[in-house]
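Enquirer: These are the residues of each chain, in order.
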Amino acid sequence: MNNHLLSTRWLIPSGIVFYSSTIIGILLMTSTITLDTVILEVSIPNLFKLDDPLVGHNQTWIKNNWMDEILGFLLSFSGLIHGFSAESDEDEYANFLRFQALKWSLVINYSLLTLVSLFVYGFAYWQVILISMYSVLVTFVVWFRISIIRHRR
Amino acid sequence: MKNNIRVNRATNKISQDDLAKLVGVSRQTINAIENNKYYPSLELGLKLSKILNCSVNELFSLDDE
Numbered sequence: 001m002n003n004h005l006l007s008t009r010w011l012i013p014s015g016i017v018f019y020s021s022t023i024i025g026i027l028l029m030t031s032t033i034t035l036d037t038v039i040l041e042v043s044i045p046n047l048f049k050l051d052d053p054l055v056g057h058n059q060t061w062i063k064n065n066w067m068d069e070i071l072g073f074l075l076s077f078s079g080l081i082h083g084f085s086a087e088s089d090e091d092e093y094a095n096f097l098r099f100q101a102l103k104w105s106l107v108i109n110y111s112l113l114t115l116v117s118l119f120v121y122g123f124a125y126w127q128v129i130l131i132s133m134y135s136v137l138v139t140f141v142v143w144f145r146i147s148i149i150r151h152r153r
Numbered sequence: 001m002k003n004n005i006r007v008n009r010a011t012n013k014i015s016q017d018d019l020a021k022l023v024g025v026s027r028q029t030i031n032a033i034e035n036n037k038y039y040p041s042l043e044l045g046l047k048l049s050k051i052l053n054c055s056v057n058e059l060f061s062l063d064d065e
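Sequence lines, in order, name chains A and B. Just so we're aligned, residue 1 is where the first sequence starts under the numbering used here, counting upward by one. Just so we're aligned, residue 1 is where the second sequence starts under the numbering used here, counting upward by one.
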């Protein structure tokens, strides 16, 4: 059966990166801690030159701190690898649990997002959208991991 | 859908663990199938029937049958 999964050897390293970046991300969002450093502030090409007060007025190059971009990249990339790496005892039931986790993650996240779209406005809505970028992946991975642990008992 | 895997397994004197190894899944998956928590694929159903020396119809049946 070809299930298009990555090798099992990626499971632990990607898990370490994913859970670490998730915890750091949650800490950064819920506290006043900041990872901004001068070292990571670099000039990058502004590909989408929108007249946006947050980014800049039609600037070709903008100054930006890459810390949050790196964290977002690590979370997304490691989450995908961790969620789609084969388990050590991978079989069709594990694949079924993975599909169920993905399904419920989408249902829950988009149900909440639908409610939020109706009742949350302004800067709070922008923050919810930011969280929802990652919450689908986080919910999927955590749900699947719990399902697998319960299955192995 | 219901199944007779547990009965057929006992008849053939095969443990869950042994059956799992023979068909290439985990023991917990065999347990989930026996308890109707999971319906196996056609491929796994055919493998199970081959190992347990019976037809797929003898192993699996619809609830109203």
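Keep in mind the hints are simulated off the structure, nothing from the lab. All figures in this text were calculated on a predicted structure; none of them were measured in a lab. No residue lacks a Cβ here, since even glycine has one placed at the ideal position from N, Cα and C. Hints should not be assumed to be uniformly reliable.
Stated by the list, open to error - FRET-style restraints, in silico, Cβ to Cβ:
{"hint": "1", "chain 1": "B", "residue 1": "K50", "chain 2": "A", "residue 2": "V107", "range": "33 to 39 Å"}
{"hint": "2", "chain 1": "A", "residue 1": "I44", "chain 2": "B", "residue 2": "R27", "range": "34 to 40 Å"}
{"hint": "3", "chain 1": "A", "residue 1": "T30", "chain 2": "B", "residue 2": "D63", "range": "25 to 31 Å"}
{"hint": "4", "chain 1": "B", "residue 1": "C54", "chain 2": "A", "residue 2": "I23", "range": "50 to 56 Å"}
{"hint": "5", "chain 1": "B", "residue 1": "K13", "chain 2": "A", "residue 2": "I129", "range": "24 to 30 Å"}
{"hint": "6", "chain 1": "B", "residue 1": "D63", "chain 2": "A", "residue 2": "I24", "range": "46 to 52 Å"}
{"hint": "7", "chain 1": "B", "residue 1": "T11", "chain 2": "A", "residue 2": "R153", "range": "23 to 29 Å"}
To be verified - Cross-link-like lysine to aspartate or glutamate pairs, in silico, EDC-like; alpha carbons within 16 Å at most:
{"hint": "8", "chain 1": "B", "residue 1": "K21", "chain 2": "A", "residue 2": "E90"}
{"hint": "9", "chain 1": "B", "residue 1": "K21", "chain 2": "A", "residue 2": "D68"}
{"hint": "10", "chain 1": "B", "residue 1": "K2", "chain 2": "B", "residue 2": "D63"}
{"hint": "11", "chain 1": "B", "residue 1": "K21", "chain 2": "B", "residue 2": "D63"}
{"hint": "12", "chain 1": "B", "residue 1": "K47", "chain 2": "B", "residue 2": "D64"}
{"hint": "13", "chain 1": "B", "residue 1": "K21", "chain 2": "A", "residue 2": "D89"}
{"hint": "14", "chain 1": "B", "residue 1": "K21", "chain 2": "B", "residue 2": "D64"}
{"hint": "15", "chain 1": "B", "residue 1": "K37", "chain 2": "A", "residue 2": "D68"}
{"hint": "16", "chain 1": "B", "residue 1": "K47", "chain 2": "A", "residue 2": "E92"}
Enquirer: Identify every previously stated hint that the structure contradicts and give their numbers, smallest first.
Expert: Hint check: 2, 3, 5, 9, 11, 12, 14, 15 fail, others pass.
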